[in-house]
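Engineer: Protein chains in written order, with this note's numbering: chain A, 1 to 209; chain B, 1 to 209.
Hints are supplied without guarantee of correctness; some may be wrong.
Calculated lysine-lysine pairs in the DSS-like style (CA-CA distance at most 30 angstroms, straight line) [claimed, not checked]:
#1 K179(A) to K113(B)
#2 K34(B) to K179(A)
#3 K150(B) to K113(B)
#4 K113(B) to K173(A)
The hints are simulated quantities; they were obtained by calculation from the structure and are not laboratory data. Remember, predicted model here, so these are calculated numbers, not experimental data.
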Amino acid sequence: MSAYRNESSVRLSYVLEEADVEEQSKAPREEMIHLGRLAIGATVALSGIVFVATLPAATALGALVFAGCFGLWYGAKLKAQRPLLERYGRSWEDRRHVEVEISEELFRLADRVSETRLAWDLILCWRETQYAFLIFTGPTASHAILKRAFSSPEQETTLRQLLTDRVAPGGEKVVEAAKRAVWMPVVLFHAAATLVIVSVIEAFAHAVR
Amino acid sequence: MRHSPRVNEPIRGSVELTEADFVDAYLGHAAHTKSITSLRKVVGVVLLVTTLAVLFAWPPTPGVWVAMVLALAFAAFWARHQWVWIGRRTFAYLPEARRRFEMTFTDDGVRAKGSRAEVFYAWSTLVGWIETGAALVLLGPAGVSDFVPKRAFDEEQLEALRALFAEKIVPMPAAAVAPQPKGRSWKGFALWVLLILMFVAIYQLVVER
Chain A
1 MSAYRNESSV RLSYVLEEAD VEEQSKAPRE EMIHLGRLAI GATVALSGIV
51 FVATLPAATA LGALVFAGCF GLWYGAKLKA QRPLLERYGR SWEDRRHVEV
101 EISEELFRLA DRVSETRLAW DLILCWRETQ YAFLIFTGPT ASHAILKRAF
151 SSPEQETTLR QLLTDRVAPG GEKVVEAAKR AVWMPVVLFH AAATLVIVSV
201 IEAFAHAVR
Chain B
1 MRHSPRVNEP IRGSVELTEA DFVDAYLGHA AHTKSITSLR KVVGVVLLVT
51 TLAVLFAWPP TPGVWVAMVL ALAFAAFWAR HQWVWIGRRT FAYLPEARRR
101 FEMTFTDDGV RAKGSRAEVF YAWSTLVGWI ETGAALVLLG PAGVSDFVPK
151 RAFDEEQLEA LRALFAEKIV PMPAAAVAPQ PKGRSWKGFA LWVLLILMFV
201 AIYQLVVER
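Sequences are here, hints too, so could you generate the full structure?
Structural biologist: Put into structure tokens, the structure is as follows:
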């Protein structure tokens, strides 16, 4: 790992470890948990509406039970989720050698097999976590710059200052809006699918009787 | 700017991306992974089972069936439309300044250079490619990685690109591309049937009380 800085630029190079990738996957996992909660909530609400509109007691009961089963299934799915590392495929060894170069004119991220150079106005927003600076180049795309790559607190301060000065405000709202746009159809889809399955159960049971 | 492709000579084309390009690429990928047909098969099975149950239990209780038919219609529609929606959303998230660039294909990889951004990736970051009506779609380990609108290249260049992709893009090993073992979909289907039967039993217990 090496790093140096002059007055207005930061250069870093580091080797990404599997633990770093795991750390990066925490946030998406938390979002999936949140999505599961929303889906169960929507299912319960929708089954309530159907119950009030049509008074099929079993449908409402079934939907509630199914919502619980969906929660269990979703939890199991989260546990068995493909590790983020697999997204790198066979190029992992080459992609883990990261180079960062940030100055007042340039934002550059590279590894042994890819390189991205961006003008500052293409950076939507940035966030700082305990372990990294997250640079959003789109509402759903971000690059992480690991804090452990910095050799001194001054370097961190320089990067923070560059980001504060150069990234236009307002991007955070776009990122949050994009998250909502992803969640809504998925939640509605799961709620509708639950009703379909519960209706089939009711139809089956009605036929058996 | 266009160059006639020769051996080892870079292939260049000026690209201006449109919303239709993104929709075409994502629909092509969904067709390639059989995502649309799989979901429609599930909806078809549910519809068939429901129809049989309704026929056996005629006349059905009004109300819930209407909701179910609507939900099924929604699921069949959404099976395809979700990919249209993803394509449109991805295009909307791409900044205006990144929609026009020059693509260069060399022995090393792909370079896209625009007025405000420049991106390079080596062939080793890709795991496959497919051809749709309007584009050559490059696939990474996580799905659609990039795509090349055919209109940006002449027929001779497209032939050279197909040959280059065939030579340079090494598919992932079968185990990595398709982690689901053969027969898993049937196991999943059997589990769903089991779950539905379980709910029928619960329903019967509730009704008898």
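Engineer: Run every hint past the structure and note whether it holds.
Structural biologist: Now for the hints, and whether the structure bears them out:
Distance hint between K179(A) and K113(B) is fulfilled; the C-alpha atoms sit about 29 angstroms from each other, no more than 30 angstroms. A distance of roughly 26 angstroms separates the Cα atoms of K34(B) and K179(A); the hinted pair therefore holds under the 30 angstroms criterion. About 18 angstroms separates the Cα atoms of K150(B) and K113(B), which keeps this hinted pair within 30 angstroms; it holds. Among the hinted pairs, K113(B) with K173(A) is consistent with the structure: their alpha-carbon atoms are about 28 angstroms apart, no more than 30 angstroms.
Of the numbered hints listed earlier, not one is contradicted by the structure.
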